[in-house]
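Undergrad: Okay, so the sequence shown: first residue is 1 according to UniProt numbering, each after it adds one.
No lab work stands behind these hints, which were simulated from the structure alone.
Just so we're clear, the structure is a prediction, and the values are computed from it rather than from any experiment.
One or more of the hints may lead you astray.
Across the chosen pairs, the derived CB separations fall in these ranges [stated by the list, open to error]: (1) Q6 x N92: 36 to 42 angstroms; (2) R45 x H159: 15 to 21 angstroms; (3) G118 x A27: 22 to 28 angstroms; (4) D200 x S111: 23 to 29 angstroms.
Only pairs whose alpha carbons sit at most 25 angstroms apart, straight line, appear in this in silico DSS-like list of lysine-lysine [to be verified]: (5) K181 x K137; (6) K122 x K181; (7) K137 x K122.
Here a beta-carbon is modelled for each residue, glycine too, at the ideal position from N, C-alpha and C.
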Amino acid sequence: MHESHQRHLLLNADIVGYSTGLPARQADDQAMLRDVLTRAAASARLDHEAWQVQSSGDGVLAVLPAAPAAEEEPRLVDDFVRHLSRLLRAHNVGRDAADRTRVRLGIHFGSLSEGANGYVGKSPIVVGRLVDAAPVKAAMTAAPDALLGLIVSDDVYQHAVATGHTTWEPQEFREVDVTVKTYRGTAWLLVSGADVHALDLGESAADDRTTAQQRTTTVINGSVRMGDHGVIGIANR
Numbered sequence: 001m002h003e004s005h006q007r008h009l010l011l012n013a014d015i016v017g018y019s020t021g022l023p024a025r026q027a028d029d030q031a032m033l034r035d036v037l038t039r040a041a042a043s044a045r046l047d048h049e050a051w052q053v054q055s056s057g058d059g060v061l062a063v064l065p066a067a068p069a070a071e072e073e074p075r076l077v078d079d080f081v082r083h084l085s086r087l088l089r090a091h092n093v094g095r096d097a098a099d100r101t102r103v104r105l106g107i108h109f110g111s112l113s114e115g116a117n118g119y120v121g122k123s124p125i126v127v128g129r130l131v132d133a134a135p136v137k138a139a140m141t142a143a144p145d146a147l148l149g150l151i152v153s154d155d156v157y158q159h160a161v162a163t164g165h166t167t168w169e170p171q172e173f174r175e176v177d178v179t180v181k182t183y184r185g186t187a188w189l190l191v192s193g194a195d196v197h198a199l200d201l202g203e204s205a206a207d208d209r210t211t212a213q214q215r216t217t218t219v220i221n222g223s224v225r226m227g228d229h230g231v232i233g234i235a236n237r
């Protein structure tokens, strides 16, 4: 047990539409999710064996080791996400739209410690709220061909993306407000193979912060499909 809180990277992955599947499909999806997360970590040169992983049927919470190396956060946000998207595409080749396995992924960096029955601290709650947030759910509904929806906390975005430590362009992300139960915070959304700024998020977009009022950005028009080393959703806001 940790005597005090330490800073960790956390990810939470959740299978879209898991509850509607039959038991055999659910079992396949569970195994697939663990497999692609492990393989994506290896491809991104992250030590998956050092992760503390908790499964919950349709989802996985992974806590990376404390005090990560400086390059670990960019690798998780950048390389890991790209490899995960590639593996999901490979897994879904030849599948009908209704049979595709799709994933929502949340990433956060914060403090936690181990308790008697799980982790103690706000960080596990935050990453869980991110992956359950209305904007990422609405985005996956609005982009039915997308296999991966990524939502990162403002802390992760500001430290890894906005500062140029990844190959993502900051304007590829859409800033959204997250309100789940008693949690409220800012997050940043990216959707594979879709123009995230063009997606209709419905009521969940009502609280979107206006990025232009807070910072100056370079706007790139159009969208491109993500390849193994490509980009996701470059688009006008």
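Undergrad: Kindly confirm whether 36 to 42 angstroms is satisfied by the beta carbon distance between Q6 and N92.
TA: holds (37 angstroms)
Undergrad: Please work out if K122 and K181 have their alpha carbons no farther apart than 25 angstroms.
TA: holds (14 angstroms)
Undergrad: Take a quick look at whether K181 and K137 sit within 25 angstroms of each other, Cα to Cα.
TA: holds (15 angstroms)
Undergrad: Given the hint of 23 to 29 angstroms, is the C-beta distance from D200 to S111 inside that range or not?
TA: 36 angstroms Cβ-Cβ, so the 23 to 29 angstroms window is violated.
Undergrad: Does K122 sit within 25 angstroms of K137, going by the straight-line distance between their CA atoms?
TA: holds (22 angstroms)
Undergrad: A range of 15 to 21 angstroms was offered for this pair. Does it hold for the Cβ distance of R45 and H159?
TA: Once the Cβ atoms are compared, 19 angstroms apart, the range 15 to 21 angstroms for H159 and R45 holds.
Undergrad: Is 22 to 28 angstroms a correct range for the gap between the Cβ atoms of G118 and A27?
TA: holds (24 angstroms)
Checked against the numbered hints listed earlier, the structure breaks hint 4 alone; every other hint is satisfied.
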